[in-house]
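Enquirer: Letter by letter, the chains look like this.
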Amino acid sequence: MQNEYIYLILADDDKDDRLFFTDAFSELKINTKVNTFNDGVELMNYLNKEDSLMPNVLFLDLNMPKKTGIECLIEIKANTKMSGIAIVIYSTSASEEDIEKTFVLGANIYIKKPDSFKKLKKVLSEVVSINWQYHTNSLNKDNFLLRL
Amino acid sequence: MDSKNVFKSVLFLRIVLLMGLFIILVIGGFTYKHISDLTKSTKIVISTYEVNVELEHINSYLSNAESGHRKYILTKDTSYLEPYFDARKNINSSFLQLKKLTIVNAKQQENLAVLNNLIDKLFTNFSKTDALVKNDEISTESFKTQLFEEKIILDSIRKQVSEIIDLENKLLNERQKEYQSDLKFTPLFFYLVLLVTLLIIIIAFSKINTDLLKIKAKNDQLLIFKESTNQSEIIGKHGNWVWHIDSNIFTYSDNFFRLLGEEPQSFEANFDNFLKFVHPEDVDRLAKELDKMIKNEELPFVSYRIVQKNGTTKYLKAYAKAFYSADGQKRLLGITSDITDEIESFLVLEQRNLELEHNNEELSEFTYVASHDLQEPLRKIQTFISRLEEKESKNISSTGLQYLERINVAVTRMRLLIDDLLQFSRTNKPDKEFVVTDLNDLLEFATQDLAEIISEKKAIITSAILPKVSVIPFQIQQMFLNLLSNSLKYSKNDTAPIINIEYTKIKAKEDIHLNNAVKSSYHKITFLDNGIGFEQKYVDQIFELFSRLHDKEEYSGTGVGLSICKKIVDNHQGFIFAESELHVGAIFTIYLPE
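Chains as they are written, first to last, in this note's numbering: chain A, 16 to 163; chain B, 1232 to 1825.
Keep in mind that the hints were calculated from the coordinates and are not lab data.
Fair warning: there could be bad hints in the mix.
Stated by the list, open to error - Below are the DSS-like pairs computed for lysine-lysine, each with C-alpha atoms no more than 25 Å apart in a straight line: (1) A:Lys136 to B:Lys1625; (2) B:Lys1611 to B:Lys1622; (3) B:Lys1625 to A:Lys44; (4) B:Lys1552 to B:Lys1519; (5) A:Lys134 to B:Lys1611; (6) A:Lys133 to B:Lys1519; (7) A:Lys48 to B:Lys1622; (8) A:Lys134 to B:Lys1625; (9) A:Lys48 to B:Lys1545; (10) B:Lys1611 to A:Lys81; (11) B:Lys1274 to A:Lys44; (12) A:Lys92 to A:Lys64; (13) B:Lys1622 to A:Lys44; (14) B:Lys1352 to B:Lys1375; (15) B:Lys1523 to B:Lys1545; (16) B:Lys1622 to A:Lys137; (17) A:Lys116 to A:Lys48; (18) B:Lys1663 to A:Lys116; (19) B:Lys1622 to A:Lys134; (20) A:Lys136 to B:Lys1375; (21) A:Lys30 to B:Lys1274; (22) B:Lys1611 to A:Lys82; (23) A:Lys137 to B:Lys1320; (24) A:Lys137 to B:Lys1611; (25) A:Lys30 to B:Lys1375; (26) B:Lys1338 to A:Lys136; (27) A:Lys133 to B:Lys1523; (28) B:Lys1507 to B:Lys1548; (29) A:Lys30 to A:Lys81; (30) B:Lys1611 to A:Lys133; (31) B:Lys1375 to B:Lys1274.
As the list claims (entries may be wrong) - Some chain A residues close to chain B (C-beta under 10 Å, calculated; not the full set): (32) Asn63; (33) Glu65; (34) Asp66; (35) Ser67; (36) Ala109; (37) Lys128; (38) Phe132; (39) Leu135.
Note that the coordinates shown come from a computational prediction; the quantities given were computed from them, not determined experimentally.
For each residue, glycine too, the CB sits at the ideal point set by N, CA and C.
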């Protein structure tokens, strides 16, 4: 089943960003299934449920109410069931501090939310078409932040 | 040097005293000798006189005897013989006297013996004459002979007597002469000795006088020193104390009392009285430290609090060192300073630091808000515009699309401003680490970041080989980036930008820009371009925040880039200067300390 489509999850408290995200994938000609959560607590509740389907790629906003992206990242990496999920940090800011911290905590890629829909589609299509096996092996701090 | 002089002076005075004593002894000896000589001479004169008197006596006794004898011869009255017999007795006693007087003189003794013989002879003669008289043989020849003999003997006696007197007078004269020659030298000698003594006394006096003056001058200096110490103690808020450990006696300087809030010397200086002022919580600790002081003979600073009688708490700091007096008495010499002001200003400083830290936290919170929350709506506006342009362009008029384009430009500019402002505030962070970095690498990274615009404008960037310097790497890279992008941004439309980077190492005193430099040598890096430049009169404005010299429609700067450069060189204790000629180019010169 997983071979037929890529299962994606986005956790972001911003309604507009969730809209852009789903719109972008609906316009992209990639077979994906997108699920969104409004904050970290919702996300973790879902992931912790016994029968939940684990996503192929998880997009994490950092600045969320109740539970931040960083907290989610720590929990996910501590859980063997979830630790295999490819994690994309999807944030408005790209401060050195955030990049450094999420890299150390084991995120796979860092995307700064682009300022046009065209760029958004481009960056998302690039992310989902990454060969994760290869990317994870050659991951370093310089290619952690995805530049377009 | 001084103590040597004092020692010399003491030695000198001792020598003078010994010489004086010696001279007085010599004078005493001489005086004694001369007086005893004088007494002797007087005795001799007296004895000569006595000898003469006795001889005169003998003469007169003989005359009496002779006249008595004559009267007897004429009268045959034996009563006239009485003076004659008395004379004999008296002459004998006179002779004894004479013998005593002339006992030291052999010649006189001899003379006396001759005289004695003559007298004996005379009296024998008298006896014979008497016998003739008794027998009435006066007119006989033998009587005449007898009388004649008598006359001769008497003459010899007189002669002998005068001889003795002459000899005695001669002796007297000789002695007088001798004595007078002695007497002649004595006053001269005394006078000379007196002069020498006087000279020595004057020298000693002048020496003592100069020493006294020196001591007085030293005393004056000591007084001044003491007063200046007093003043410095008052101004420097410290006092000193001495603890005579063996006798457990304390002395406190005036200002030590003032430190305790008391009038100088207003209570007895001892340990118990001092402890009354020490803050109760500090008493035990201080007592322990003082014990250590006595044992270790030297101790680093001890801080403690005191409470003055009016309730004021003061912070004191003490330092003590043991020293031994000349007689081996152990003493602790201590200095105590009032550090209340320092402690208070330290506390204020700490408070300020806390406030500053708090402010910094607020600032970084603001930075986060600015970077994240302010950017987010703008980004969404942009994204929505892009969606409108993409999806709804058919439904919007061309004017509407133009408005959308204007909105997009405005929003982009707003984001740029926020980004630059953020960057500016980040360069404010003080906790950046200095790392020795190859500036060539930093320049290379900056050039890479600008690769797109460089190729677009066909810019040529040449650089001298830059040094390795201890810097905050990302800041210097930022500065290079800002300077390069500045040159690229303000290039002439019709000319490809040429940026030349030069480097020299210079001494601060060799460059007029570095008059106020702290370090002695600097790395001088110069960015020269062939852009539009600016008028030199605006040179002071270009480093100000948000200051722009060009139309923002034409040139997209925010007026932050060069402010960031200024901030960065400030962070590195460096300098940045600009000079330019309009339409010719601009030169930015950076000085980084070596």
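Enquirer: What are the numbers of the hints the structure violates, in ascending order?
Expert: Going through the list in order, the structure violates hints 6, 9, 11, 17, 20, 21, 23, 25, 26, 27, 31, 32, 33, 34, 35 and respects the others.
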